[in-house]
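Student: Listed below, chain by chain, are the residues.
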Amino acid sequence: MVKDENMNNVVSSLILVPIISELRGFARSISNYHCLNCVQKNRSNTTSSISNHYCLILFFTFLLILGFTISASAGHLEPFKAVPVPEKNPQTPEKIELGKKLFFDRRLSGDGTMSCATCHMPELAFTDGQDISMSYPTTRNWRNAQTLINVAFQKFLFHDGRVRTLEDQALFPLMSAFEMNQNLDFVEEEISQVPEYVKSFRKVFNGEVTRERIAMAIASFERTLISVNSPLDRHLKGDNSALSSDAKKGMDVFVGKGKCLECHHGVNLADNKFYALHVPENPALLNDPRVTATVRFVAKVYHYGDYRKLNEDPGRYLITKEKKDWKAFRTPTLRDIAKTGPYMHNGVFSTIEEVIDFFNRGGGKGNTVLKSLGLSSEEKRVLKVFLQEALSGEDIRITYPEIP
Amino acid sequence: MKEYEGKMRLVIKHYPYKYRDFSHIAAEASMAALDQGKFCEMHDLLLERSPRLDKESLVKYAEELGLDRARFREALDRMKHSALIERDKKLAVDLDLYNTPTFFFNGRKVIGNRPYEYLKRIIEEELKNGKR
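Sequence lines, in order, name chains A and B.
Going by our numbering, the first sequence opens with residue 1079, and the numbers climb by one from there.
Going by our numbering, the second sequence opens with residue 9, and the numbers climb by one from there.
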């Protein structure tokens, strides 16, 4: 159960249906929850036979009897509709194609061994399949490479949310000493020496090669990596046969007892917020001087005072310097989760079962965000079925571009 | 390899990193150790002691492994296996490889250092498929 100061103002409008469901033996189907309109519609239908007054009495009675903490989900599930595109960087086929070439071009790394696709491989759902992301030769990364599927929907990028747009994000790994280790002044000149690129930039941007335009093109390509037509999407659009029986039961757990929906909602199944869940440290990162160098390098860049003594990942604290953000990380999308392991910011969990167990026991030691869920083995099983089956969109097939 | 003895064959190709001072001579050292039947032992030692891979250190490692020091040093001095290493490098470039290690399991490419369990899963799948 996530404590959220923004929740209280929505409790009164959304809590009635769940409570009525509780009264009726926990409603068999949670399809009523899947969009706000449906919730409200359902609310008016259901309450037609029970007075609002009576409902409120029951509501408070239940709070007293069961000792509920008031915390309702502001979220709901949404099917895929459209990709958000910033006005300043409209999508064009030529720009997307240019971005695709740059995405796969190893010129973007200092030694020519790494492209964006090195850690975001199309065959591995735009991850690298490793617990800790691949790194520039001789260095070591410290975090898991996240999927790029649906990255267009994120309001914050990176595990620590340091930037807000894909255009701002794209150049960070290029510059990062432990990722692509490229110099941006140099890469502009390097790309400008390739006639085909010069021609493309002129056509797409009506101008020269610049780092900003490189980023804009890559961002445009990344906005095409969208999870579509998953069983969940079909279910939410009214196809009652889209989910298996177990997946439907798993969805009940997802929105109900499992409380997953509290943070994993909306079309991208993520709330764009940050939580300190106290995820266990990945043993692979401990006592590796290369990782320590990476941790302290990033801390130094973000003006963390005592960076020479730092041995762990401070998470979003590095960005905000706010105590509440110490070891807090952004809620990730759950779209295509079956294909995007290992999981968590440090890839410490290899399987979905491990992740479910982590949340079921109330998160990591000492965290104040989660409480144990008390899911049974069967509830955990069907929840996994839902996550694996319902959230997997169509495979994104990429034809590798010819790099000029 | 022990776990899958008789079921799979391992072929190692060299791809020394172009921007590392000692990566080529380290490849030479592994081949010089192979001449004396201790490729795997040298391979493991090189990874363990990296980046201290200058020639004098390599000779010391050879002594640690009980190799004939003079023979080993002569192989390094002559760059005896250079042609083979260069041939492997060309193969890697022709295959558009850029990251070490890169594995091929019956042609299935896996880029980067992976945990054993990850590789094991692929091996099991390939053995099940029965492809050669």
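Hints were generated in silico from the structure; no laboratory data involved.
Quick caveat, the model's predicted, so the values are computed rather than measured.
Even for Gly, the Cβ is constructed at its ideal location relative to N, Cα and C.
Careful: at least some of the hints might be erroneous.
Stated by the list, open to error - Here are the simulated lysine-lysine pairs, DSS-like style, with alpha carbons at most 27 Å apart:
1) B/Lys128 / A/Lys1417
2) B/Lys26 / B/Lys10
3) A/Lys1166 / A/Lys1335
4) A/Lys1417 / B/Lys10
5) B/Lys10 / B/Lys88
6) A/Lys1417 / B/Lys88
7) A/Lys1159 / A/Lys1337
8) A/Lys1233 / A/Lys1387
9) A/Lys1417 / A/Lys1337
As the list claims (entries may be wrong) - Here are the in silico distance ranges between beta carbons for each label pair:
10) A/Lys1443 / B/Glu125: 40 to 46 Å
11) A/Pro1479 / B/Pro123: 40 to 46 Å
12) A/Lys1335 / B/Phe47: 35 to 41 Å
13) B/Asn121 / A/Lys1315: 39 to 45 Å
14) B/Arg95 / A/Lys1401: 54 to 60 Å
15) B/Ile130 / A/Thr1288: 39 to 45 Å
16) A/Ser1450 / B/Ser65: 36 to 42 Å
17) A/Val1161 / B/Glu94: 31 to 37 Å
What the hints assert, rightly or not - Where chain B lies over chain A, by a calculated footprint (3+ residues, C-beta under 8 Å):
18) 1184 to 1193
19) 1470 to 1478
Student: If a hint holds in the structure, say so; if it doesn't, say that too.
Tutor: Going down the list of hints, with the structure as the test:
For the given pair, lysine 128 of chain B sits about 18 Å from lysine 1417 of chain A by alpha-carbon distance, which is consistent with the 27 Å threshold. Restraint check: the Cα-Cα separation between lysine 26 of chain B and lysine 10 of chain B comes to about 32 Å, which exceeds 27 Å; the hinted pair is violated. With a CA separation close to 42 Å, the supplied pair lysine 1166 of chain A and lysine 1335 of chain A exceeds the 27 Å bound. Among the hinted pairs, lysine 1417 of chain A with lysine 10 of chain B is inconsistent with the structure: their alpha-carbon atoms are about 30 Å apart, more than 27 Å.
For the proposed pair lysine 10 of chain B and lysine 88 of chain B, the alpha carbon gap of about 30 Å is over 27 Å, so the pair is violated. Under the criterion of a C-alpha separation no larger than 27 Å, the hint pairing lysine 1417 of chain A with lysine 88 of chain B is inconsistent with the structure, at around 46 Å. Between lysine 1159 of chain A and lysine 1337 of chain A the CA atoms are separated by roughly 24 Å; this keeps the pair inside 27 Å, and the hint holds. Of the pairs offered as hints, the one joining lysine 1233 of chain A and lysine 1387 of chain A is violated, with about 32 Å between alpha carbons and a cut-off of 27 Å exceeded.
With a C-alpha separation of about 22 Å, the suggested pairing of lysine 1417 of chain A with lysine 1337 of chain A holds against the 27 Å cut-off. Lysine 1443 of chain A and glutamate 125 of chain B have their C-beta atoms about 26 Å apart, which leaves the hinted 40 to 46 Å range violated. A hinted range of 40 to 46 Å is violated for the C-beta pair proline 1479 of chain A and proline 123 of chain B, which are about 31 Å apart. The hint said 35 to 41 Å for the Cβ distance between lysine 1335 of chain A and phenylalanine 47 of chain B, and at roughly 56 Å that hint is violated.
At roughly 43 Å, the beta carbons of asparagine 121 of chain B and lysine 1315 of chain A sit within the given window of 39 to 45 Å. The hinted window of 54 to 60 Å between arginine 95 of chain B and lysine 1401 of chain A holds, with their beta carbons roughly 59 Å apart. Our hint of 39 to 45 Å for isoleucine 130 of chain B and threonine 1288 of chain A holds, since their Cβ atoms are close to 42 Å apart. Hint check: serine 1450 of chain A to serine 65 of chain B, Cβ distance near 53 Å, so the stated range 36 to 42 Å is violated.
Remark: the range hint 31 to 37 Å for valine 1161 of chain A to glutamate 94 of chain B is contradicted by a beta-carbon distance near 48 Å. Counting residues of the segment 1184 to 1193 of chain A whose CB falls under 8 Å from any CB of chain B gives 5; the rule of at least 3 is met. Look at the segment 1470 to 1478 of chain A against chain B: 0 of its residues bring a Cβ nearer than 8 Å to a Cβ of that chain, fewer than three, so the hint is violated.
Hints 2, 3, 4, 5, 6, 8, 10, 11, 12, 16, 17 and 19, counting from the list given before, are not met by this structure.
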